[in-house]
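J.: Single-letter residue listing:
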Amino acid sequence: MAKADTASRAAAPPRPMPGKDALLRYYREMLLIRRFEEKAGQLYGMGLIGGFCHLYIGQEAVVVGMQAAIGEGDQVITAYRDHGHMLACGMDPAGVMAELTGRSGGYSKGKGGSMHMFSREKNFFGGHGIVGAQLPLGTGLAFSNKYKGTDRVCLTYFGDGAANQGQVYESFNMAELWKLPVVYVIENNQYAMGTAISRSSAETHLYKRGASFNIPGEEVDGMDVLAVRDAGDRAVKWCREGKGPIILEMKTYRYRGHSMSDPAKYRTREEVDHVRETADPIDHVRKMLLESKLSSEDELKEIDKDIRAVVNHAAEFAQSSPEPDPSELWTDTIH
Amino acid sequence: MPTEILMPALSPTMEEGKLAKWHVKVGDKVTSGDVIAEIETDKATMEVEAVDEGVVTKLLVDEGTEGVKVNVPIAVLQGEDEPKAKANGGATASTGPAAKPAPKVSAAAPAAVAMASDPSIAPGTPMVTMTVREALREAMAEEMRRDPAVFLMGEEVGQYQGAYKISQGLLDEFGPKRVIDTPITEQGFAGLGVGAAFGGLRPIVEFMTWNFAMQAIDQIINSAGKTLYMSGGQMGCPIVFRGPNGASARVAAQHSQSYGSWYAHVPGLKVVAPYFAADAKGLLKAAIRDPNPVIFLENEIVYGRSFDVPKVDDFVLPIGKARVVREGRDVTLVSYSITVGLVLQAAEALAKEGIEAEIIDLRSLRPLDTETVIASVKKTNRIVTVEEGWPICGIASEIATQVMEQAFDHLDAPPTRVTGKDVPMPYAANLEKLALPSVDDVIAAAKAVLYRS
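Note that the protein sequences, when read in sequence, are chains A and B.
Numbering of the first sequence is given in the numbering used here, commencing with residue 1 and proceeding in unit increments.
Numbering of the second sequence is given in the numbering used here, commencing with residue 1 and proceeding in unit increments.
Be careful, since some hints might not be right.
[Claimed, not checked] Straight line, CA to CA, 30 Å or less: simulated DSSO-like cross-link-like pairs of lysine-lysine:
# : chain 1 : residue 1 : chain 2 : residue 2
1 : B       : K177      : A       : K237
2 : A       : K208      : A       : K237
3 : B       : K177      : A       : K148
[Said to hold, decoys possible] From the structure, some residues in chain B lie toward chain A, with a derived Cβ separation under 8 Å:
#  : residue
4  : G188
5  : F189
6  : G195
7  : G200
8  : L201
9  : N222
10 : M230
11 : S231
12 : G232
13 : G233
14 : Q234
15 : P267
16 : G268
17 : N292
Read the hints as simulated data drawn from the structure, not as lab findings.
Backbone N, C-alpha and C fix where the C-beta goes; we use that ideal spot for every residue, glycine too.
The shape of chain A in the complex, shown without the other chains:
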């Protein structure tokens, strides 16, 4: 299996250095996701989180970069590896963590769990547990934008595994046919559960998958938040101009297993370590901040401290929030 593809980062044209505020914001947001996920892994190990729990560690630059490219009223929808997306959308880490522990203070009152969370307020539309099912849904959200005459865009995320589902192509077809404002963000972390992309896909360059529908696609270094943001800006502009859907293939990597119960027999420790050491998205921004002297070790330490406090508070809330009242069993089945 090839290492995470970082070639396009090296090949990317030189771009103006982003301002300090933007870089620090990306750093903070990615670090929040990293620390949150580490804590979730810890709580899972303690038996406080049940069921399936898919961690986002390693892929942080994708959601943070894409979030920087959208604005108020744009929608986000993804599959079940969704904690990072929710935090990037600005959802409260305590509410997300409390959902993971199945408590009443969770975003779904403890009834959805890790894979099924939503926030109408933050325009986050889930959190879907069936591989590929979010594709038609995100396409439908984009349809509603066009129908209502807004210029809003829906970011529809899916993985390299979902890229082989039939409904992906049903969605591509309708989205291009009706010029719907949807950015299909493929998070190619190179493994569909334990199956390497080369073992599952006849065409492994997933950005080409829209070709027969005339949907343009772009390969993006998903470990570089700036490359993601720039590609996101271009894609969102494309959609807002009424040109229809567009595909961004984010070459990324997950450090952890598919879920918490992953035996990790399908790749080597060395492969994972190599990516961590050479392409980590957070180290990348950290280095940029320090080398450019836009920030200092002390300032970044303060941010680390803040983030730890936020995550610790989330973990405490997730344990102190009561379980849902038994009467909640019967609520919310139907309006």
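Starting from the known structure of chain A, arrange chain B on it as the hints suggest.
T.: The following block gives chain B in isolation, referenced to the frame of chain A:
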């Protein structure tokens, strides 16, 4: 030798049609493939092509004639090379299928006996007669006029005017933005509809038939049905999935399935299956306004039946209420959708033998109005449930269970089921007839619970 051209059957359920237009006149020479006439049914307009060559010598049916039965001669063709044709044994070919017409379910609504009035319709309300098809169309049109967020999407709903003509005229009135022809991609457009509902719209998703919705059932159940619960009440999904359900005629196993119990099984969905036109209209309007996903099960054979519909401005009926269609003291007959018609015929026959059946049309399958059923059983002490669906885990099974749980001591006989047979639908006409519930089955079951032979 003269060849008779017969009125062709142009769809599995067509029994008769209107001879809308002749494209030929007496004396015209026709060759194979020429369009000789246009035929209109309540579903579509179709062209009739000549199969044989020759000269038209007689037009037996006037242009504009309604109700021309299938296989009736409509014209006579004289072969130009008559002697040769004779020598060859004579051409017997005609336009239209050569096979004998299959026995078909009548498109005419069976006469109801002593129908009870619907308590949800005020006495004295003026009525207008219309087909179930027209009632469904009116419901959609009225709701689309009322709420700009309502739109219709599905295969052939627009330019084709609806595979079963339910959406006829809607494209003209509402335009392509709101009457949307989809590619043949059920899972895709069902899911797209759900996403649009999440986005604040009110989609009506038409499946050409419910058989094809199995491609989309994950989106219907997992995405539409469960998201309200999984989101702790944040995310409603106001969407209607509708289309014809159950057996049509002679379309065999993959196109003849009844999905009532499949969808009624799922918490988070509402399921409606009307028989009468008034219910079709009032319940479809309610379904479109409902904040939940509603499964709306229609029936192709029932589309053309005519019934009274209240002539009021905004006729909406509550989902989840059964209706006592006929009052009676001896036995309760519960049904929904097309088999309500069978039950009405059975009740008429039973009445002649002095058996007064009470008929309940469930109208909704989820929520299921067991209260109305139980009240009736407490009066009659006997119950037969009639449905077209399969017997195992069917609606009839559920009714039997509820009755035993809630009215066991009132029963004088075991609750009984009359259902479709436990086999995939066969194609052969005689086997298909055997697979479907019949009036005789209902009569026999009613007598059995009354211990009469």
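J.: Hint numbers the structure violates, sorted upward?
T.: none
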